[in-house]
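Asker: As a plain string of letters, each chain reads:
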Amino acid sequence: MSNAAVQTWYMTQRQLMVFARQPAYAIITLIQPVIWLFLFGGLFRKVVELGGFGTTSYLDYLVPGVVVMSALSSNMWAGMGTLEEIQRGTLNRFLTTPASRAALMNGNVVHNGLVTAFQSVIIVLLGLLGGADYPGGVVGIAVLVLASVLLGTVFGALSNALGMLVRERESIIGINTFLLLPLTFLSSAFMAPSQMPGWMRHVAAFNPLNWAMVAGRSALSEHPDWGVVSGRGGALLALAVAAVWLSIRTFRSYQRSV
Amino acid sequence: MTTRAPAVEARHLIKTYPGDVTALNGMDVTVEPGTVFGLLGPNGAGKSTTVKILTTLARPDSGTATVAGHDVLRHPDRVRRAIGVVAQNSGADPVATGRENLRLQGRLYGLKGGALDRRVDELLERFTLADAARRPVKGYSGGMRRRLDVALGLVHRPEVLFLDEPTTGLDPEARTAMWDEIGRLAGDEGLTILLTTHYLEEADRLAERIAIVDRGRVVVTGTPDSLKGELRGDAVHLELRAPLGEAGRSLLSGALTALPGVHEVLMDGRRISARADDGAAAMPALLAALERAGVGVAAATVARPSLDDVYLRYAGRRYAEAEAEAAALAADTLTLAGGAR
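Heads up: the protein sequence lines correspond to chains A and B, in order. Numbering-wise (full-length UniProt numbering), the first sequence opens with residue 1 and increments by one. Numbering-wise (full-length UniProt numbering), the second sequence opens with residue 1 and increments by one.
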């Protein structure tokens with residue numbers, strides 16, 4: 001392994017350790033998905049009767065929506081961690097070592113990806129426990145997890161860029177609060193597209209959150225449409241690459257502003 | 001006399017931050033290898049900016065700098081291998097233990113295996129952190145954290161160690177302990193230390209040479225003894241009942257300077273400062289002269305030279321004034337930058 005790859009792993013490890021040592025935090029992040037799956041899912045279980053959901057169990061429909069939504073809501077706070085590292089002096093300490101600059105940034109991306117994957121798998125298993133059915137099997141689940149990791153990467157990288165740029169918590173809190181619900185409701189998370197008002201359906205077509213849900217749902221169905229999966233997946237990948245590129249650019253401008 | 005190249009050499013560094021804040025205005029620093037050098041000055045004088053440039057964090061607008069023989073702009077990687085940095089906030093990971101923090105730091109410099117284990121144990125022992133090595137850093141006291149910060153900076157046996165305000169925020173006991181520690185480091189073979197401080201006492205105690213920094217440049221350099229030597233005698237401070245007018249001020253300045261054993265009379269507002277070969281002896285004559293001029297005196301003190309006096313002498317203004325100006329500038333920058341910390 002090259003030096004940069006080894007150092008990326010050191011940086012990832014260091015953050016995973018923080019995650020592992022605060023199990024309370026990991027459990028708290030799962031409370032929301034449980035509420036959405038079982039309270040919301042229970043309350044609205046009859047909406048499938050409206051048709052267009054492609055399944056007879058609302059839980060089946062809901063799981064990919066909740067997985068993707070959770071990926072969004074956990075990654076969009078990544079900038080807070082980066083901000084804390086800047087203010088604590090940790091980032092500057094690493095910058096005065098010969099550590100690869102890319103490793104410092106990529107450690108973050110890899111860590112967030114691993115945490116998102118872990119969280120997504122747990123939600124899928126919770127769904128299974130509640131009686132959800134995944135006809136697409138392991139492959140379908142893998143596609144859903146990958147799509148949610150890509151979506152998480154998009155918003156994690158943007159959040160990091162924002163944290164380095166504005167350097168205040170209030171901006172991150174403001175933007176996240178502003179974005180989370182509209183992005184979620186303007187997607188197929190809770191309602192089949194055919195039952196959505198026309199304008200909302202059109203907006204949802206441009207929502208990356210929706211791309212991840214559509215790709216995941218299709219892969220999890222009995223007859224996956226691989227064209228849809230690779231189309232939406234490819235778009236997410238492109239967006240993730242662009243967001244990471246942007247955050248690396250911001251990182252460079254941060255270094256100039258120290 | 002050594003013939004080796006300087007461990008640190010900065011020439012005419014200029015650095016301006018957005019909002020036209022001049023942090024450095026022609027900073028020159030030369031540190032001989034194996035010595036302890038102190039940059040002394042109030043907050044906002046440019047000490048931290050100098051350290052950031054020398055440690056490759058920031059780039060100057062112009063000027064050149066070499067550290068351990070490497071150009072900070074052309075070969076930042078070589079500089080990074082040669083230096084250890086203990087910043088004001090070194091940011092040890094609070095959730096990780098002291099040992100884990102040290103191990104990660106060592107790995108970033110390419111240490112591994114038995115060599116890494118031995119070096120980490122050695123540093124934990126040396127900085128009396130061995131008992132706390134397995135505890136998360138968030139439970140450490142301020143003094144323990146600071147010792148860990150210094151240990152982090154030494155993990156790879158650097159040639160040049162930068163200590164930015166090493167005792168700021170420490171209680172007196174921890175400060176004395178840290179001074180002892182830095183004193184021992186200075187004895188280490190070949191280690192060059194550049195420390196910044198705004199405590200005269202600290203620079204006096206630790207540094208072989210001191211540069212006094214004001215408004216982004218060095219106003220005077222010398223050994224602590226030579227600087228204090230030039231400030232021989234006592235500092236006399238007088239506080240007047242009412243501020244003096246322009247005419248009264250120049251008249252009085254002449255009258256006071258004419259007194260035997262009284263030099264360097266400086267006035268601002270209601271305050272008069274002067275140096276006297278023997279403060280107690282000069283005081284009656286000073287008070288008499290003021291009475292003749294019809295100026296009422298509210299308070300009079302005689303003291304040994306303080307940082308304020310050294311500073312006043314070389315920077316031409318009071319230390320507190322400089323700190324207040326720095327704070328005001330920082331507040332301005334804050335507003336301009338839209339609230340960035």
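A few of these clues could be false.
[What the hints assert, rightly or not] Partial selection, computed: residues in chain B whose CB lies under 10 Å from chain A: (1) 77; (2) 79; (3) 87; (4) 105.
[Unchecked claim] Which stretches of chain A does chain B cover? Using the computed rule of at least three CB atoms under 8 Å from a CB of chain B, they are: (5) 10-20; (6) 33-45.
[As the list claims (entries may be wrong)] Distance ranges between label pairs, derived from CB positions: (7) 328(B) with 200(A): 49 to 59 Å; (8) 22(A) with 180(B): 45 to 55 Å; (9) 176(B) with 125(A): 50 to 60 Å; (10) 271(B) with 179(A): 51 to 61 Å.
By construction, these hints were calculated from the structure, which means they are not laboratory data. Note that the coordinates shown come from a computational prediction; the quantities given were computed from them, not determined experimentally. Beta carbons are placed, not taken as given, at the ideal position from N, Cα and C, and that holds for glycine.
Asker: Each hint: holds or not?
Answerer: These are the hints, each one checked on the structure:
no., hint, in the structure
1, 77, "holds, 6 Å"
2, 79, "holds, 9 Å"
3, 87, "holds, 5 Å"
4, 105, "holds, 7 Å"
5, 10-20, "holds (count 4)"
6, 33-45, "violated (count 0)"
7, 328(B) with 200(A): 49 to 59 Å, "holds, 52 Å"
8, 22(A) with 180(B): 45 to 55 Å, "violated, 37 Å"
9, 176(B) with 125(A): 50 to 60 Å, "holds, 57 Å"
10, 271(B) with 179(A): 51 to 61 Å, "holds, 57 Å"
Of the numbered hints given earlier, the model fails hints 6 and 8; all others are met.
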